[in-house]
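Build the complex: two chains, separate frames, hints provided.
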Amino acid sequence: MTAPATHSAAPAARRLPLPAFVDGTLLTLVAAAVILWFVPSGMGRYGTYVLSLWLVMSVAVMGLNLTLGYAGLKSLAQAAFMGIGAYATALLTSKVGLNWYASFAISGLLTFAVGLVLGFPALRVKAHYLAFVTLAFSTLIWLVLRNEQWLTGGVFGLSNIPRPSFFGLKLDGALAFHRFVVVVTFLLAVVLWWMIRSPWGRAFTALRENPIRAASLGIDTRMYTLLAFAIGSAYAGFAGALYAPLVEFIDPSPFSLSQSFFLLLMVVAGGAGYLLGPFIGALLGVVLPEWLRFAGSLYLIIFAAIVMLLLIACPQGMSGLLERGWAKLTSKKEGAR
Amino acid sequence: MKKHWIIAAALGMAVSLPALAQDKVKLVDVVELSGAGATAGTNWKNGIDLAVADINAKGGILGKQIEIVHYDTQTNPGNTRAAVQRAIDEGTYAVLGPVFSGPIGASMQIAQRAEIAQLVGGEAAGLTKQGNQYLFRTSLSQSAAMPKIAKYLKDTVKAGSVAVVWVNNDFGKGGRDAIIPELEKAGIKLAVDVSTEQGQADFAADAIKVKNSNADAIFVYLNEEESARFLRAAKQQGITKPMVGETTLLGAKVIELAGDAANGAKGHVGLSIDAPIPAFQEFGKKFQAKYNYASDHNGLKGYMAVYMVKWATEKQKKFDKKGVADTLRGATIKTSEEPGILIETTVEKNGDLDRESFLAEVKDGKQVITATLPKINP
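Each protein sequence line maps, in turn, to chains A and B.
Going by this note's numbering, the first residue of the first sequence is number 1, and it counts up by one from there.
Going by this note's numbering, the first residue of the second sequence is number 1, and it counts up by one from there.
Looking at chain B on its own, in the form it has when it is part of the complex (with noise of 0.2 angstroms):
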């Protein structure tokens, strides 16, 4: 009987709880924190703590402190949908995540169907081509990023021939299926198709394979650890073909892991704590500091996340769920408007998001900008 007291006295206090916090904001993060998406999931959580910490600092959004929750969907679509359904009945102001594609598609409905804006970290391009409203990246897609790619492969590195290496996930499978086809326009040859597991540890067989295919350039999208541990197989096989990459190939994590084997790989860099912009180098130094090692794109994500509905509720004056979305769609975030938001950022109507981008190369162990290429609708 006493148990039962203790129960309906913390029930009691849980409903109670949101009375005595009306001066607050209730955001939910709905993200991978166990399972395969753990390391992207808490980059985004990180970044997420960041930027609210941040905002809290600075007075909140519009006066009230935000509330934030994380709730881990150990990467499962099952649980992400309990979890996101939760965070709806608990009055979220807006939704955060998950990070990746299939939770996502197993969870962005209840978003929908509540009229409240989700914002996710997840790059496949199918995520915005459903139609839903209230669905929006903080990233480029991945249909966005390859054309880059192609051209850069056809005009710069003037490869006839490329083998294609990637990750069999939601990630690098959604990358290797968006940029066959742009190689094939740009007539680029697929020499090799090589698909590797998440979490593999040795990477020789594919980097002999690849060697064997005797393609002018090498795509490697995998993702951070993979990466190192393919630069380092590609190496040991003796391969000198330029090694080719989107974001995560260039990242801070994978020259520090691969070490002299990271020299000389180049590529698109969407979201880099190493981009030539000051705010993304000052977030790098921050996230550091808090969590005492680099973040990678995902963090980045997270961040301007929070920073998109800071903006967005700013806009429209007013605490509106809906007005979230609807005040997003078509919306262009200026940095003098929003210093948060990094970078100026155009969210295109099926949520998609265009921005600058860069061309970069490893040097002597450091990531070095060669190009900045505009927005792809400037």
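Chain A on its own, in the form it takes in the complex (with noise of 0.2 angstroms):
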């Protein structure tokens, strides 16, 4: 959880002639995504399926990464502020008749909002007391989508949800909407590459290295605190607007406890305070699983087993073993030289 704060700007990026702000990083989305927009052409449904679930998982734990991996903030509450945004998306599409993007805006702003309310917590408490906020706000959370039934479906969700069109071309079919959702996810990934980058970014990051001596340097850390947890809140919420027309229905149960932890796990597993991170996490947590089931019954032993030996490992996730191995493969050859 304390990884070093500057990595990204890999040595390929100096050579060649590209503009300034170019790094590794966003070369990498960039080739990501153009893969991902071709990929599942041969790969079936289910495939395309489990691909589209892993990119909007990312885009969540993209957010909890902010709010842990570079402000330091442990947040029990993910899955509740995806489920806030399933549940406005999946009602004002269904229920409503807004177009998806604007419940697309709408469920970012909601949770963007909810995240800031929930934040002022954070400026008094730290740590352990700060889990126990958020853990109370994530069971308040999962109470409401279960007991009001006449607004959420209680436990028997909410079904038929519109997916989106874009100009005019519908979205429905798997492929499609997968495109989208790599579309999507890109743009929010570049948003957060440019943020990380930023002064916010740097104070995001002086926040959890030494929040006194972020203070000292004259960084508002109420502010930024504030900030970072509320741009996370807003990127949970903003999966839970992809979540709800992918899956097509929602019930209380994706947004619960466990599902924060769990997405808390795929922080950590894909490597807190890296860009990629999120990405690796989630294919850890969501792909492979999926790709596990040929082990029938014991298929979640052998996935706890290799997250278990992954932390063991590497306390740093995979990016950190990456990195890791990277450093090592340039330095060898920078000696030979």
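Rather than coming from a laboratory, the hints here were simulated on the basis of the structure.
Quantities reported herein were computed from a predicted structural model and do not represent experimental measurements.
Do not rely on the hints blindly, as some may be mistaken.
[Stated by the list, open to error] Straight-line Cα separation of at most 20 angstroms, SDA-like style, residue types lysine to any residue; simulated pairs:
| # | chain 1 | residue 1 | chain 2 | residue 2 |
| --- | --- | --- | --- | --- |
| 1 | B | K26 | A | V22 |
| 2 | B | K24 | A | F294 |
| 3 | B | K129 | A | Q149 |
| 4 | B | K290 | B | T39 |
| 5 | B | K321 | A | R45 |
| 6 | B | K151 | B | Q133 |
| 7 | B | K129 | A | N160 |
| 8 | A | K95 | B | K129 |
[As the list claims (entries may be wrong)] Covered by chain A, per the in silico footprint, the following chain B stretches (three or more residues, Cβ under 8 angstroms):
| # | region |
| --- | --- |
| 9 | 165-172 |
| 10 | 179-187 |
Cβ coordinates follow ideal geometry from the N, Cα and C atoms, glycine included.
Printed below as a string of structure tokens:
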């Protein structure tokens, strides 16, 4: 959880004649988006769906990565925020008849606002206490989703959630919707990439590394703590807004406390504080269990064992492992020269 | 590089397997094997495994052996959808499961779009009201069972007011929403409406609430373990009013767990290994022998689901996926045609089932059937 803050500027980017703002992370994002645009064409609907689910979860994990990995706030409410976004989008698109884009924006704004309100306790309490505050919030949201049947459908959930269209182009098919998810995820990742490189990102990291020094350098710690939490929550809201039309059905179970823990696991396993960490973490959390299905009833045990071994071998998650490997490779090459 | 070859070899094998398995018919069961639905899902899975073993031992369906695959849903709608999609991409002949209504709601459109029959264990009333022609139940729906309970409460128990105790999950909530209008219709007053949690350990407060309501009878609609805990708590609080339930309250597991406290509990039983039908009891013994515990109604449902698929296939005399649904819709499956169905079952046009059911009572630690109720539309 104490990953080095700057890691991204890969040496390759410096050698190529590219604009100064382009770095390895951005190149990876662009390349991955292009690959993910084309890759599912031969995969069948199941593979396509799992890829889309992976990207949607990645968005939620990106948000948590900002609050935990960059700003160091331990939140156990990410799944609850995702639930707020998912239910808001589902209700606005299927009951009110609003289009998806507006619902997406409202979901983000709503979770941002709720994040701000919930973030206030973060100013007074830290670490475990913040975890308890968010834990209580998470349980509260779950109870509202389950008990307020007139609004949320209760335990029966909401079904027939429409998928969006793009300038008249229907996105009902698995592949079309997958590509839509790829584009939205890419845009959200680029925004986060920009944010992390901006003075804001530096301030978030400063908060995590040494809040007292950050304050003495003139950083408004109160504002930045709040912002980190609210932006992280808004990403969960965006993820929820994608999740609802992807599954076309929601009930309270994917937004329960245990799912918040699972999202936390994805951040840590992927590498907290690395921009590409959430994608690797969500890959571990969403795709690995699906891939392990061949192991039959043992698959969750194998999955748990893999995650535990990974965290023992590399407490900084997969990104930390990759970074160490990369560092070794490049230092060898330079030594040979 | 070596790793790539291993992966490629594994993939190659996976692709070539179906070619080897031409003499098999593949059935995929998508069910809750972890998460909140694990107890129900494991019973359902074991029932299916038992049926598949029986059928394969007797030569399979139309000479083809059944290849059964179970996919866990983690009781999560998103994962359920992935698993059902995977089942269909892998060319399953029919989809079995899931059991919980939420995951069913998340996945039923996929089987419908693929025009493949999906046989589910869900009892919530809403499932069959969405015009899905490919969804079939394996038990009575709550909207079929509850009128029988209301009539029983009115005519036999002669209750003027009833306390309703239910578990707040899709099963319990569905039952509660179905019984309350029926009670109203029967002119029975709702004394108190008590919501409890799944996995709740202490029912003392709920029992006191029920006692203070002074209801003439108590309708208990909880899962097995919670039912037993409630019965014990009710006994401790000195509640003497009749406990009336539906299927779970009178189940073997509840009687075992509640001990003396279960005596006197009565109600309606849909599927039970204690029902006075030799085939049910036979199933119960086989299940007990194989898994070393008593099956609940979900085990029976899973068992019957496989036989519904078998019956439909043999009826149409070919392996036609869409045909399974077409054949099942509106059909009556008699035990003389297919003994594995255990009890004569009518599949209605919307996928609901109609069957005989029973009124029972717990006496001296045993479930005793007191009456057999006819089908709703005989």
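Here is how each hint holds up against the structure:
no. : hint            : result
1   : B:K26 - A:V22   : violated, 51 angstroms
2   : B:K24 - A:F294  : holds, 19 angstroms
3   : B:K129 - A:Q149 : holds, 18 angstroms
4   : B:K290 - B:T39  : holds, 17 angstroms
5   : B:K321 - A:R45  : holds, 19 angstroms
6   : B:K151 - B:Q133 : violated, 31 angstroms
7   : B:K129 - A:N160 : holds, 14 angstroms
8   : A:K95 - B:K129  : holds, 19 angstroms
9   : 165-172         : holds (count 3)
10  : 179-187         : violated (count 0)
The earlier numbered hints that this structure contradicts are 1, 6, 10.
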